[in-house]
Every structure is written in C-alpha cells, then in structure tokens.
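Undergrad: Top line first, the protein sequences correspond to chains A and B.
Okay, so the first sequence: first residue is 8 according to my numbering, each after it adds one.
Okay, so the second sequence: first residue is 631 according to my numbering, each after it adds one.
Hints are supplied without guarantee of correctness; some may be wrong.
[Unchecked claim] Restricting the straight-line Cα-Cα distance to at most 27 Å, the calculated cross-link-like pairs of lysine-lysine (DSS-like) are:
1) K186/A / K776/B
2) K186/A / K749/B
3) K656/B / K876/B
4) K656/B / K801/B
5) K776/B / K759/B
6) K801/B / K707/B
7) K759/B / K186/A
8) K186/A / K801/B
9) K759/B / K801/B
10) K876/B / K933/B
11) K801/B / K647/B
12) K876/B / K974/B
[As the list claims (entries may be wrong)] Some chain B residues flagged as far from chain A (calculated, every beta-carbon gap over 12 Å):
13) P650
14) T665
15) V919
Keep in mind that the hints were calculated from the coordinates and are not lab data.
Just so we're clear, the structure is a prediction, and the values are computed from it rather than from any experiment.
Every residue gets a Cβ at the ideal spot worked out from N, C-alpha and C, and that includes glycine.
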Amino acid sequence: MMRRSSFVLGVMAFGYAFLYVPIILLIIYSFNESRLVTVWGGWSTKWYVGLLHNQQMLSAAWLSLRIAAISATFSVALGTLAGMAMARFGRFRGRVLFGGMITAPLVMPEVITGLSLLLLFVSLEQLIGWPEGRGITTITIAHVTFTMAFVAVIVQSRLVSLDESIEEAAMDLGARPAKIFFVITLPIISPAIVSGWLLAFTLSLDDLVIASFVSGPASTTLPMVIFSSVRLGVTPEINALATIIVALVTTGIIVAGVMMARQERIRRIDEQMAASSNG
Amino acid sequence: MAQPNRKITLQPWQDPKEQPYVRIEKVTKKFGDFTAVDDVSLSIYRGELFSLLGGSGSGKTTLLRMLAGFEMPTSGKIFIDGVDMSNIPPYDRPVNMMFQSYALFPHMSVEQNIAFGLKQDRVARDEIKRRVAEVLELVQLGGFAKRRPHQLSGGQRQRVALARSLVKRPKLLLLDEPLGALDRRLRERTQFELVNIQEQVGITFVIVTHDQEEAMTMSSRIAVMNNGWITQVGTPAEVYEYPATKFVAEFVGSVNMFAGRILEDEPDHVLIQSEEAGCDLYINHGVPVPLGTPVSVAVRPEKMALSKEPPATATGRNLSQGTVREIAYLGNLSIYLIELDSGKMVRVTQPNFSRLTEMPITWEDRVYVTWHPFAGVVLTQ
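Extracted from the complex, chain A is given alone in its bound form:
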C-alpha cells in the first residue's frame, strides 16, 4: 500500500478547491432569493423562472446554438480535408510552411483574428457586395476560420496513427481514392471527427471577442448578451443560466464517460474470446 503523505493530500485538496469552489459558489448563488448577487437571502428558484421569460436571453442562446452547429459542421469538413493533406500527401513543396500556417490560428490572439476578419468582410462588401452587412453569416464564417485549425490538428494526429496500409489494401482490392475516403478512412476516423465537431461547437459557443468584431445589430450571441448585462451589474439570472450550462456539460461528460467504459468492457470481453479461441 502506498503511503499518502498529508502534504500530497493537502496539495490535491487545494488544487481541486481552486478549480471548483468558484463554480460551486455560482451554483449555490443561482438559488439565491435576494436580488443582490453577493448577499444570501434564502433559497429560491425564481431566477430560473425569470430566465424562461427573458426573451432576449433565450433568442441569443438559440442564435448561439445555431451558429455553433453550422460553423462546427463546416469547420469539420474543411479541417478534415486539411488534416488529410497534412497526414497523407507526403512531402510536397512547402509542407512545413503549410503545416505552420494551419496551426497558427491556435495561438493567434483573438483580437487580431477578429479585426482582420472584420477588415476582410468590409472590403469584400465594398468590392463584390457580399456579405451584406454583418450578422449571422459573418459570425459563422469567422468561427469556421478559427475552429478549423483545431479540427485539422485532431484529424491529422488520428490519421498519422492510422496504418496507411489499410487504405492501400482498399485500393489494392479495387476501390478508387474517393471511395476509399468515404468507405474506409472516414468511418475509422469518425471518433476523431466527432470530437473535432464537439470542440468546434464549444469554441464557437464560447467565443466573445471575435463575434464582437464581426457581428451586426441584429445578431447578438449569448456570450455577448451575458457580457453586456454583466457590465450593468450581475443579476442572479446569469447565475441560473451558467448553472444550466454547467449541468448540460456535466451530463454530456458523464454520458460520454459511461459509454466509453461500456465499450472498453465489451472490447475486453472480445479480446478474451479471441484469446480463448486461438488457432
């Protein structure tokens, strides 16, 4: 039995407290009766009810979800292609440059990305008349731009670890390259693509800075609504909203965890079966 020193236990407790105490406080205060955020006035769920009637908040949330879903879908399509190029086309001219350029948005300050996209949209509108003004379209395009890099990196790392001879075997058996991609490669890397989509979705849902640059008057996303209302003073309604988001995320993580554990168990049983029928 390993001996755990009280020092290690203390450090661990501190670490977890650092991470989770703020969130727990936020959840507790979302049930606060008092209108003042920092003063405890007893238990109540009235802020949740209020939230349901807050039309502005609800439509912003709906808009954010739509933008996140659309931009994640586009960014998965483009990011997968970029990842394929990086992992499969061997050593082409300028591969290092291309690789660096694909991952640059990961470390680029959001302010720069937002500003440059704004400039692009404005000059495009002057030149060809599209996009007309700024709104949902421009936010979606901007989100595709910056989330695509994440998807490309995830897909690329999955493809690098995928045995290339599986694709060669499909070609050897008579499948053409496009068919190999859809029938062999895509199904095998689908878990990476799903996690790329989820990451892109979360990043888009979360984004405040870039959206602020490229949004128009009729397109206010949820982070923008929260941020602007917080500037006027935090209401417990925001706490309630945050609690709902935390609950959704936690449920998602738990469901994914349970599913993975189940798959792992099935795989172990399969392997035992294979070992016992050795021949």
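Got chain A sorted already, so can you dock chain B onto it with the hints?
TA: Quick look at chain B alone, frame taken from chain A:
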C-alpha cells in the same frame, strides 16, 4: 471463372518454350538520391511460389510494391500476363496483396472484409456470398464470418487477410512477410498450409521474406536481394548448394569461408592453396578463373566430418587439424566450433546417429576436419 486447368510443368523456367507470366525488365526505383531497386530484371512463371529473400533495405519490399502499383518504377517496365503495367493504377491491376500488418478493415466483420474486393467489381450478391463462404472454408474460418478483426487471434487475422486477397482470384498474389507476425510454432504450421492453399488455387505467389528458412521451405524459386540488386535466382537447393556470391552463401544458411588462391585449374578439378584452412583445397570441378586469383571457398558445416584419428584415405587435401572449443547439443544434431591451427574458427554440425551418454568428441580434443571434393564452392570477389 475458375482458372483454366493447365498442367504446370515442374520447372517452367527451364523450358525455353514457356513464356514468363510476370516480366520485370530493367526496373530501377529511386527515392531522392537513394536507389532502392537497381536495374532488376526477373521472370516469374505461372503457378510459381516465388520468394524475394533479403535483409532490411535490400529493396525486396519496394519491388513488391511496384508489382502492386503502389510505387512507380523510375525506369524500366513490368509486364503481367503480357500486359504492360506502367499506366495501370493499383485498383485496376489483376494483382492482390497481403500486407505484413494484415491491414484488415477494423470497422467491418470478417465477411465484409472479404467481400469488399468483390463489391468493388460489382459482383452479384449471391455470387459474393458463395465465394466468401468458399474462401472462408479454404482458410478454415467457417464459423468466424460475423466476427470483427479485433475479436480474432493473430493466426486467424492472418488467414482472413489471406482469404481477402485470394477471393478475387488475382493473376498474381503478393505476400509481404506473410508469417512475420506469428509465433514460431504457428509459423511452421502455416508455411505448409500456405503452400497447400497455393497448390489448390493455382495462383502465382510472390512472397517477400527475410527468413531464409521460410523461403527454403515454401518456394519454387528464390531471388536473393542485396542493396537493390538481385544476387542470385534459383531453386532453394541451387541457392543453398551453389551460392553465386559470398553474400548468398552467408545469408542462406551458415557457412565456413576459407580465403585462398588458385594453384591448379583443370576442367575436372581445381586446387586452391589456403593458409586459413591450413591445407590445400581440392574441388572436383573447374572454375573459369585465372591462376593466382584470390578466391574464397565456402563449405557448409554439415558437409564436414570430424574424427580423432586421421581418416584412412587422407591425401593431405581437404584435411585440417584443430581443437574443439565449443559444443552445442541440439538433440538431433550437435554443433562443434573448432579452432584450426591457423587460428580460423570453423563450424561443423554432426548428426547424432547413436544414443550416446558419453560424447566421443569433447571439449579441448584435438580433431581432424575433412570434407569431400564436391563439398566446397569456389567464390570470386
């Protein structure tokens, strides 16, 4: 569409009327500055089980991948059944390959894996079903059709890979280290299975291997490759008994090599003086080499005899003296390491004919080493 039932001559490469089935003509493959395959020409005949034998980096896998179409020759041409393969992509070649990693599709069942190739050819569904069942029977995996690859043992996966590459009845089947991932006992059994299956289906096999024992057991002919060159092509017996170069002699089996120079060269014998051997070497056939040329003589360990007394027919040729340094008892035979008086270490294997608790020859004994005039092979360079 069974292959026409054609009588396969036992040694088609010796029949001048026979057309080669696969012709590799002056093929070179370069990767940047590195030449992987260097001006290789090779003819393979229908129904052969042909091995490309060589160490890593010898170019054997590159040559195989050029036959499959995954690599294009830098120069030279490949013909399969008379058709130039230069502009034919892998998915249109009448060739299938079994990969070293097996490369099974992890998201498909055994059945779907095997049916994949037939589906690409738009074979009718009933026909696919019938042929998949047939080939599963052939590789003795009848009950495993619904399993996924990760539910199979290594040996079963190997047979699925074989079935998948056989089911399209290719003109040529390429096997990249087909037994490399199996453990030793399974490998020996599978070697014979593979030969049996090849005889049943009558498809021409080209096998890449680094294992000389595997190549010897299975092949009709072997091409020994080194540094992108083919050093020798021949039947297993030819390659073993008459190695063309020192590399072949040392790569295929073990061998004792004596350096020397030619004293006498007659049509019916050569006499070679060798300080390493400590005696003159007599070989009962002539060699086309001028007198005085430095040569090596290769003698296989099992063709040497050991005795404590000088042999009765001693002529002073092919007879050397030394001291036993090491003995390895392997049951069916024993390996002796003898240090000759010249300091040269020689390896001699002797079958254990009788059941002896006491070995007649033991450590530090003085012994005579002899061999027949036919045992040695003269190698230049």
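Undergrad: The structure should be examined with respect to each hint, and the outcome stated for every one.
TA: Evaluation of the provided hints:
no.	hint	verdict
1	K186/A / K776/B	holds (23 Å)
2	K186/A / K749/B	holds (12 Å)
3	K656/B / K876/B	holds (24 Å)
4	K656/B / K801/B	holds (22 Å)
5	K776/B / K759/B	holds (13 Å)
6	K801/B / K707/B	holds (18 Å)
7	K759/B / K186/A	holds (22 Å)
8	K186/A / K801/B	holds (24 Å)
9	K759/B / K801/B	holds (22 Å)
10	K876/B / K933/B	holds (18 Å)
11	K801/B / K647/B	holds (20 Å)
12	K876/B / K974/B	holds (17 Å)
13	P650	holds (23 Å)
14	T665	holds (18 Å)
15	V919	holds (46 Å)
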